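Novice: In case you want the letters, here they are:
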Amino acid sequence: MAADYKKLLKGVYLFSNLTGQEIQKIATICKPESFPRGKLIFAEGNPGDKLYFIIKGSIRVSKKIRAGNEQVLATLLAGEFFGEMALIDDVGRSADAWAEEASELISISKNDFATLIFREKEIATSLLWNIIRTLSSRLRTTDEKLKSMVEFKSGI
Amino acid sequence: MKTEALKRVYLFQSLKNSELELILSIARRWKFSSGQNVFREGDVGDRFYLILTGEVRISKQVPGIGEEALAVLKPGDFFGEMALIDDSSRSADAIANQETTLLGIERKDFESLLFLNKDLAYAVLWAFSRTLCQRLREMNDKLQAMLAMRGGF
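Chains Z and C supply the protein sequences, listed in that same order. Sequential numbering of the first sequence, starting at 1387, is according to our numbering. Sequential numbering of the second sequence, starting at 37, is according to our numbering.
Possibly wrong hints are sitting among the right ones.
[Said to hold, decoys possible] On the chain C side, residues computed to face chain Z include the following (Cβ under 8 Å):
no., residue
1, Phe68
2, Ala157
3, Gln170
[Stated by the list, open to error] Below, simulated DSSO-like cross-link-like pairs (lysine-lysine); rule was C-alpha separation at most 30 Å, straight line:
no., chain 1, residue 1, chain 2, residue 2
4, C, Lys178, Z, Lys1496
5, C, Lys178, Z, Lys1507
6, C, Lys178, Z, Lys1436
7, C, Lys154, Z, Lys1393
8, C, Lys154, C, Lys52
9, C, Lys43, Z, Lys1496
10, Z, Lys1411, C, Lys154
11, C, Lys38, Z, Lys1496
12, Z, Lys1507, C, Lys38
13, Z, Lys1396, C, Lys154
14, Z, Lys1450, C, Lys178
15, C, Lys38, Z, Lys1533
16, Z, Lys1411, Z, Lys1436
17, Z, Lys1533, C, Lys96
18, C, Lys154, Z, Lys1531
19, Z, Lys1396, C, Lys144
20, Z, Lys1449, Z, Lys1425
21, Z, Lys1425, C, Lys178
22, Z, Lys1533, Z, Lys1507
23, Z, Lys1531, Z, Lys1392
24, Z, Lys1417, C, Lys154
25, C, Lys154, Z, Lys1496
26, Z, Lys1392, C, Lys178
27, C, Lys178, Z, Lys1449
28, C, Lys154, Z, Lys1507
29, Z, Lys1507, C, Lys43
30, Z, Lys1507, C, Lys144
31, Z, Lys1436, C, Lys154
By construction, these hints were calculated from the structure, which means they are not laboratory data. Quick caveat: nothing in here was measured; it's all calculated off a predicted structure. Backbone N, C-alpha and C define an ideal beta-carbon position, used for all residues, glycine too.
Chain Z with its partners taken away, still in its complex shape:
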């Protein structure tokens, strides 16, 4: 069972610099989860207790603007991860996550993640670097979206 995860985890960006042995340690705390198309995985404001990796399918991350209206922040595909923010800063989920199609995910609970990276500083360092790089690129995308909106508004 763990061997299967190991193979899948190798394709996840977050784990790209880990050794086989380190991935093995991660595999022991992974749980498979599947979601049918259109299913809500978590909603904005929910307490965040898990980090998710996409093995198959795609996930839409969005925020509600008003009743029946949403702004898509990102569409994430196999190899990408989401839900990491709630693991880092203990604030609730910052957006909704929906299964855009039938999706296979792997989840890691907040407690297991915290324990693992506290015990394994080597793993922690690699993961944190990758998390930081991902956050920084998401930050840049959002910043560009915001800027284009400001320009759009002042152009009215």
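For this one, chain Z is given, so just place chain C on it according to the hints.
Specialist: For chain C alone, coordinates are given in the frame of chain Z:
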């Protein structure tokens, strides 16, 4: 004195004195005269700066208008920390407002230091992650608010 200044940077807040000394060991002093550019918008950034003495103004050149100052930074303030993690280009100009001494840390030195000191890396990278998370949340909320407003037009 310099370790005290470093301690005010959120990335280094939880570090022990011995760890702050390690950070200082890879830092270099840079002197700028009044009006001199520390960097320009669009430059590829590979250095983080902490102000020891003097003042730095962060500004943008707006076509047809000239220089628009975004902030004036004082001793203890810092800027350019995103250059420690990736190759992003500078998003504004940084100009010395007067005779200024900066402490600069280069990305490759920072990476090697963290590679060799896992406890230090753990503390600094957690602090970095938390800050980025917080900024991303704030920005997402701003985006949401702006979209809600635009919908009302």
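Novice: Could you run down the list of hints and mark each one as holding or not?
Specialist: Each hint, compared with the structure:
1. Phe68: The hint is violated - phenylalanine 68 of chain C has no Cβ within 8 Å of chain Z, the shortest such distance being about 27 Å.
2. Ala157: With Cβ-Cβ at 4 Å, under 8 Å, it holds.
3. Gln170: holds (6 Å)
4. C:Lys178 - Z:Lys1496: Holds - the C-alpha atoms of lysine 1496 of chain Z and lysine 178 of chain C are around 27 Å apart, at most 30 Å.
5. C:Lys178 - Z:Lys1507: Roughly 35 Å between the alpha carbons, so the hint for lysine 178 of chain C and lysine 1507 of chain Z is violated.
6. C:Lys178 - Z:Lys1436: holds (25 Å)
7. C:Lys154 - Z:Lys1393: With a Cα-Cα distance of about 27 Å, the restraint between lysine 154 of chain C and lysine 1393 of chain Z holds, given a limit of 30 Å.
8. C:Lys154 - C:Lys52: It holds: about 14 Å lies between the C-alpha atoms, which stays within 30 Å.
9. C:Lys43 - Z:Lys1496: holds (29 Å)
10. Z:Lys1411 - C:Lys154: holds (18 Å)
11. C:Lys38 - Z:Lys1496: Violated, because 37 Å separates the two Cα atoms, which is more than 30 Å.
12. Z:Lys1507 - C:Lys38: holds (28 Å)
13. Z:Lys1396 - C:Lys154: holds (23 Å)
14. Z:Lys1450 - C:Lys178: holds (13 Å)
15. C:Lys38 - Z:Lys1533: Distance ~37 Å between lysine 38 of chain C and lysine 1533 of chain Z Cα, so the pair is violated.
16. Z:Lys1411 - Z:Lys1436: Cα-Cα ~17 Å, so holds.
17. Z:Lys1533 - C:Lys96: Holds - the C-alpha atoms of lysine 96 of chain C and lysine 1533 of chain Z are around 14 Å apart, at most 30 Å.
18. C:Lys154 - Z:Lys1531: violated (36 Å)
19. Z:Lys1396 - C:Lys144: With a Cα-Cα distance of about 27 Å, the restraint between lysine 1396 of chain Z and lysine 144 of chain C holds, given a limit of 30 Å.
20. Z:Lys1449 - Z:Lys1425: holds (15 Å)
21. Z:Lys1425 - C:Lys178: Distance of about 26 Å is within 30 Å: holds.
22. Z:Lys1533 - Z:Lys1507: violated (38 Å)
23. Z:Lys1531 - Z:Lys1392: Violated, because 36 Å separates the two Cα atoms, which is more than 30 Å.
24. Z:Lys1417 - C:Lys154: OK: lysine 1417 of chain Z and lysine 154 of chain C at ~28 Å, within 30 Å.
25. C:Lys154 - Z:Lys1496: The hint holds at about 21 Å.
26. Z:Lys1392 - C:Lys178: Violated - the C-alpha atoms of lysine 178 of chain C and lysine 1392 of chain Z are around 39 Å apart, more than 30 Å.
27. C:Lys178 - Z:Lys1449: The hint holds at about 11 Å.
28. C:Lys154 - Z:Lys1507: holds (6 Å)
29. Z:Lys1507 - C:Lys43: It holds: about 23 Å lies between the C-alpha atoms, which stays within 30 Å.
30. Z:Lys1507 - C:Lys144: Distance ~20 Å between lysine 1507 of chain Z and lysine 144 of chain C Cα, so the pair holds.
31. Z:Lys1436 - C:Lys154: Roughly 25 Å between the alpha carbons, so the hint for lysine 1436 of chain Z and lysine 154 of chain C holds.
Going through the hint list in order, the structure does not satisfy hints 1, 5, 11, 15, 18, 22, 23, 26.
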